[in-house]
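Below are the chains, spelled out letter by letter.
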Amino acid sequence: MEKRITLKIAKIVDETRDIKTFTFNHSLGAKPGQFIMLTDFEGGEKPFSISDCSKNEFSITVKRIGDFTTRLFQKCVGDYVSIRGAYGSSFFVSNKKVLLVGGGYAVPTFNFLAKVLLETGADITLINGACTRAEHVFDNSFKNLNINVINTTDDGTLGEAGTAVEIAQKIIAQGKFDFVYASGPELMMKALQNVIGDLEYEFLFERYMKCAVGICGSCTMDPSGIRLCVEGPVLSKRKVEKLTEFGKYHRDASGKRIKF
Amino acid sequence: MEKRITLKIAKIVDETRDIKTFTFNHSLGAKPGQFIMLTDFEGGEKPFSISDCSKNEFSITVKRIGDFTTRLFQKCVGDYVSIRGAYGSSFFVSNKKVLLVGGGYAVPTFNFLAKVLLETGADITLINGACTRAEHVFDNSFKNLNINVINTTDDGTLGEAGTAVEIAQKIIAQGKFDFVYASGPELMMKALQNVIGDLEYEFLFERYMKCAVGICGSCTMDPSGIRLCVEGPVLSKRKVEKLTEFGKYHRDASGKRIKF
Amino acid sequence: MQKSLKTKFLGHTINSPLVLPAGVIGMAFSGFNISIENGAGIVTSKSLTMKPRTGHRGPIIAEFEGGFLNCMGLCNPGIVDGLVEIDQFKKRSNIPVIASVFATSTKDFLKLTKHVNNSKADFLELNLSCPNVFDEFGIPLSASHDEVYKITKAVKQISTLPVITKLSPNVYDIVSIAKAAESAGSDALCMINTVGPGMLIDTKMIKPVLFNKFGGLSGPCVKPIALKLIYQTYSAVNIPILGMGGVTYGEDAIGMLMAGAEVIGVGTAVHYRGIEVFNKINSEIMEFMAENGYASLQEIPKLEKLKM
Amino acid sequence: MQKSLKTKFLGHTINSPLVLPAGVIGMAFSGFNISIENGAGIVTSKSLTMKPRTGHRGPIIAEFEGGFLNCMGLCNPGIVDGLVEIDQFKKRSNIPVIASVFATSTKDFLKLTKHVNNSKADFLELNLSCPNVFDEFGIPLSASHDEVYKITKAVKQISTLPVITKLSPNVYDIVSIAKAAESAGSDALCMINTVGPGMLIDTKMIKPVLFNKFGGLSGPCVKPIALKLIYQTYSAVNIPILGMGGVTYGEDAIGMLMAGAEVIGVGTAVHYRGIEVFNKINSEIMEFMAENGYASLQEIPKLEKLKM
Ligand SMILES: Cc1cc2nc3c(=O)[nH]c(=O)nc-3n(C[C@H](O)[C@H](O)[C@H](O)COP(=O)(O)OP(=O)(O)OC[C@H]3O[C@@H](n4cnc5c(N)ncnc54)[C@H](O)[C@@H]3O)c2cc1C
Ligand SMILES: Cc1cc2nc3c(=O)[nH]c(=O)nc-3n(C[C@H](O)[C@H](O)[C@H](O)COP(=O)(O)OP(=O)(O)OC[C@H]3O[C@@H](n4cnc5c(N)ncnc54)[C@H](O)[C@@H]3O)c2cc1C
Ligand SMILES: Cc1cc2nc3c(=O)[nH]c(=O)nc-3n(C[C@H](O)[C@H](O)[C@H](O)COP(=O)(O)O)c2cc1C
Ligand SMILES: Cc1cc2nc3c(=O)[nH]c(=O)nc-3n(C[C@H](O)[C@H](O)[C@H](O)COP(=O)(O)O)c2cc1C
Ligand code: FES
Ligand code: FES
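If you read the protein sequences in the order shown, they are chains C, F, R and S. All you need for the working numbering is the position in the first sequence, starting with 1, plus 17. All you need for the working numbering is the position in the second sequence, starting with 1, plus 17. All you need for the working numbering is the position in the third sequence, starting with 1, plus 1243. All you need for the working numbering is the position in the fourth sequence, starting with 1, plus 1243.
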């Protein structure tokens, strides 16, 4: 368990009405795809992917969705929260032609990934998908990077109309990529898997997490028992193909199976 | 606390009727003057100075004196005992003309010290004192080292007749030495202090020890509270001069003061 | 060599004396799978209750020098769904499974027992000792000689499986509690559950680190307490002991065997040494046996029993 | 800055809130000297008994992950010689000294109290909680609400010094024991004594490492247990608490203050960080205060009390 550390929020950026980026001055030493556990000691400790990480700073990008995230949204710069991590597996660092397919609040982790991939000289295309313009995030951050960005919204209010997977299918068909990364709703990734052909890929999964250190069993994936907090959240093609629960069910805080 | 380790006795040498040397195959990494705590788990754990220590071996030389040492004397090669250490301070390593004054079972630690001093090119004179021939130890070991040995016995049955201190006084008076080391009965060291003049010195003290890690307070020396198991057993002139109990009293297992 | 770790526990032959204890990894059948893949000889389910429980709000775990505090709060999918996981595991494996159950009344323990009777589990474990639901349920049942006797006795009357009673370390006189379980017919004892509980504080935010404030201690720091209680109990009872508490290296497992345990749980060490910990400890035990000339686990001597 | 660590304990002004606890270094007056030289604000004698005791045979101490086991067995030179050491210390120092005493009957506690009345000690501490003399004396007195009340009450009636009652962590309900001491008139509580006890085994020689077999746990691993018990007690009583158990760094001391302690014992940490540990922790506390804007120890907030 990486030692717990209690930090002041150094910066808060509103991305959309329901998504904010919180930045901390701390040398986290994380890798793209990894996550932290965050708490305010008021009830709840939750996993968040790292959306940016430099020598002395890191950020997470959070969607307001329930009690915990609502409370987090009420915090101000200078307020304390307590974190532990970084935890989990990270994305493979490719130096080839890669496609990043992301949806919703799960896209920002690709900001961190893209920066690291660029250093190795990868040629990056990102499909940044959302339901609608008001939920589309990180536009400006991606503009500042030397990558090809294809924005999509389901309702066509920003960028191309259609799902990220539809776009992905089109450009994968043109045979341009060596490696695909995906981060977003599980059903999006399931759909993507069906159109990805023979390409190598890595997907970032989310499961209910409690301990984040591989001990409580909340996040084991059927049937092999991959613990998503340790062996995941980033899983390779080889591992994803063996999952029997992918796109079918996940488990809630009690361990009960919940169908997608 | 150095980790406890349980070892087989590798060699036993009879030095006199009441003194034996036990050798172990273990890389102890000790310095001259340091000691180990030894137990057989049958009641008692006792401090013993290291009388030899090379890369893969070390020895202690033990006088049979009470219950514990009597039991130790019944052990054979191949029997287990358990040790921890090495503990405590070690002798200053001088490269000048030095005098070693030792008495009884406390002499063998000078075997280890002399070997280390020789490496720095020190010019060594050892007074190896005992009450009588039958209690005189390590003669042969010292013969093999390139040092001047003066053997003494109180009753003149071996070497010069007289106490080690009497001999020391004589040769110190000739003004030949830069540094004096002593290890032996406390009253011998007290007498030596009185004849040592302005010379720098270090004495090896013995006090009742239980924890050997500076926590139980059994071995604090009045008045400053030097813990003989941590800051000792080797004390420098500056420290010895401040002791108010030196040569006067020590404490038993209950902490009660016992007059010499 | 591998053969020499074969042993028996309550009539079942097992390939390793190492047990995945209740609440560690084993929420779903996949948690059992990863544990046996990595060398565990027996697996235990999370303690199952009549109804699903989401457990305490986080943080539910905190690290300190020498171990972990946890206050999971008995999160589990409930007895019905929990047994589905066990049955699914048993479809493909004949590794023995312990179904751990938790309740606060004899009545509910009996209901849980009936469910377990109808499952593919191999053993029934009565968790009488969870320290992390004190607010809800008060002092653990296992602090009371009479409660331990009463519940174990009642369960034994209807259980079709061997019954293991899991004891708390936080009692004055472990021997009387252990004897209560034995005389009520318990087939084995499992000990110890977590110690304390304890608390940690965040000094910047001036808050307990665990949302539940208190959590039970596990990991290396509880080992001496476990060894002592197992040894005392071993000296006093004649039923086998599933020993656990801080076992992290082969050396610790050997110590537990010498203290009187027949098989050994390895929980928190999964964090310190990875899920491979079972295989690692298996090898370390075999090395120890080779070095000291023991051909089987049974040859490893026990400490001389305590005189009572 | 040094000034800011000044505080009061039971009417005495002290330069540091750090206390040398009973049994650590303080066998002789020289042990007190080395501790105050290195920054302790109060020192405690070894627990003194009517007659001298040589204590248990060795090994009397064993290290494990996260702390020590010890079974010194209350070695001490007896009340008469023990008080000579205190008096000799007080000749040259006005640092407060706690005289710790141990007995097994009210009668002997009263005799010890009379001796201490006639000494230069500043406080009287009743050790009702040594776990290492179980064979000899049975379950510690501090496990019994009634015994704690009876002895404290009797001692208070004749003691000319403030009385501190030292409690054991190994009880079901610390609050009722603490309240017994408070209602008997105890001026303060000292907690916690060592935890367990526990055991370690030498697997080569197949023997308990401690000759006494069992020994109490101290050091970093007991900190969560100490914090929890201090916090519970602080929430329930109105007398000051001398908190101890695993304090090793300034951060730990701050945690103890927040949990409710007024002053803090530092024992086993002397091994981990050297005798300089008191000065080190003093500086760390001051750094914490500077960073977080507290001008005095009194400004450091306590946790919100537990609801009972
Ligand atoms: C590896 C990983 C990375 C994540 N990264 C991000 C991120 O970068 N940004 C972001 O906004 N969200 C992220 N999440 C999801 C985030 O943890 C949940 O949105 C958050 O916990 C919701 O808490 P709540 O109390 O506000 O909502 P609730 O009302 O408690 O829950 C809403 C939903 O959030 C999910 N959730 C709740 N608690 C947990 C938990 N302990 N573990 C996992 N999922 C939970 C469940 O699907 C639940 O249905 C990530 C989750 C995981 C597992
Ligand atoms: C730093 C140091 C180094 C020592 N080195 C040697 C050595 O190299 N060879 C050797 O033969 N002896 C050495 N001793 C002394 C040795 O520890 C005792 O001789 C031994 O403990 C006697 O135990 P016993 O049960 O046989 O005798 P007992 O009958 O128990 O005691 C006889 C005398 O030994 C001393 N003694 C007993 N127990 C202890 C103890 N726990 N700590 C210190 N002294 C004790 C006391 O003076 C006692 O009066 C050393 C002692 C110290 C402190
Ligand atoms: C995260 C966690 C959850 C636990 N849940 C349970 C449980 O549900 N039922 C139970 O009887 N014991 C539970 N325990 C206790 C363990 O089964 C075991 O008794 C204890 O952790 C000591 O072993 P260890 O030090 O090897 O972890 C839990 C322990 C941990 C660390
Ligand atoms: C070697 C040793 C001896 C002790 N002797 C006593 C004693 O005589 N009386 C007593 O009340 N507590 C005794 N204790 C307990 C300590 O005073 C203290 O309560 C305990 O060690 C917890 O604090 P720590 O973790 O800082 O060491 C002893 C502890 C140790 C380690
Ligand atoms: S969250 Fe506990 S095992 Fe992954
Ligand atoms: S022997 Fe314990 S302090 Fe030196």
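Rather than coming from a laboratory, the hints here were simulated on the basis of the structure. Treat each hint with caution, since some may be false.
Stated by the list, open to error - The calculated lysine-lysine pairs, modelled on PhoX-like cross-linking and capped at a C-alpha distance of 20 Å, are: (1) C:K20 x R:K1334; (2) C:K193 x C:K113; (3) F:K37 x F:K193; (4) S:K1422 x F:K273; (5) S:K1548 x R:K1456; (6) F:K37 x F:K20; (7) S:K1456 x F:K20; (8) S:K1363 x S:K1334; (9) S:K1399 x F:K273; (10) S:K1548 x R:K1447; (11) C:K259 x R:K1334; (12) S:K1363 x S:K1399.
As the list claims (entries may be wrong) - Simulated restraints on C-beta separations: (13) C:K20 x S:Y1415: 44 to 50 Å; (14) S:N1535 x F:L216: 52 to 58 Å; (15) S:G1536 x C:F90: 25 to 31 Å; (16) R:N1337 x C:S253: 27 to 33 Å; (17) F:T261 x S:S1539: 45 to 51 Å; (18) F:I22 x R:N1337: 37 to 43 Å.
To be verified - According to the in silico footprint, chain F covers these stretches of chain S (three or more CB under 8 Å from chain F): (19) 1282-1292; (20) 1355-1368; (21) 1474-1485.
Beta carbons: idealized from backbone N, C-alpha and C, even for Gly.
So, going through the hints one by one against the coordinates:
{"no.": "1", "hint": "C:K20 x R:K1334", "verdict": "violated, 40 Å"}
{"no.": "2", "hint": "C:K193 x C:K113", "verdict": "holds, 10 Å"}
{"no.": "3", "hint": "F:K37 x F:K193", "verdict": "violated, 34 Å"}
{"no.": "4", "hint": "S:K1422 x F:K273", "verdict": "violated, 37 Å"}
{"no.": "5", "hint": "S:K1548 x R:K1456", "verdict": "holds, 12 Å"}
{"no.": "6", "hint": "F:K37 x F:K20", "verdict": "violated, 25 Å"}
{"no.": "7", "hint": "S:K1456 x F:K20", "verdict": "holds, 18 Å"}
{"no.": "8", "hint": "S:K1363 x S:K1334", "verdict": "holds, 9 Å"}
{"no.": "9", "hint": "S:K1399 x F:K273", "verdict": "violated, 29 Å"}
{"no.": "10", "hint": "S:K1548 x R:K1447", "verdict": "holds, 17 Å"}
{"no.": "11", "hint": "C:K259 x R:K1334", "verdict": "holds, 18 Å"}
{"no.": "12", "hint": "S:K1363 x S:K1399", "verdict": "holds, 18 Å"}
{"no.": "13", "hint": "C:K20 x S:Y1415: 44 to 50 Å", "verdict": "violated, 33 Å"}
{"no.": "14", "hint": "S:N1535 x F:L216: 52 to 58 Å", "verdict": "holds, 54 Å"}
{"no.": "15", "hint": "S:G1536 x C:F90: 25 to 31 Å", "verdict": "holds, 27 Å"}
{"no.": "16", "hint": "R:N1337 x C:S253: 27 to 33 Å", "verdict": "holds, 31 Å"}
{"no.": "17", "hint": "F:T261 x S:S1539: 45 to 51 Å", "verdict": "violated, 39 Å"}
{"no.": "18", "hint": "F:I22 x R:N1337: 37 to 43 Å", "verdict": "holds, 42 Å"}
{"no.": "19", "hint": "1282-1292", "verdict": "violated (count 1)"}
{"no.": "20", "hint": "1355-1368", "verdict": "violated (count 0)"}
{"no.": "21", "hint": "1474-1485", "verdict": "violated (count 0)"}
When the structure is compared with the earlier hints, violations turn up for hints 1, 3, 4, 6, 9, 13, 17, 19, 20 and 21 and for no others.
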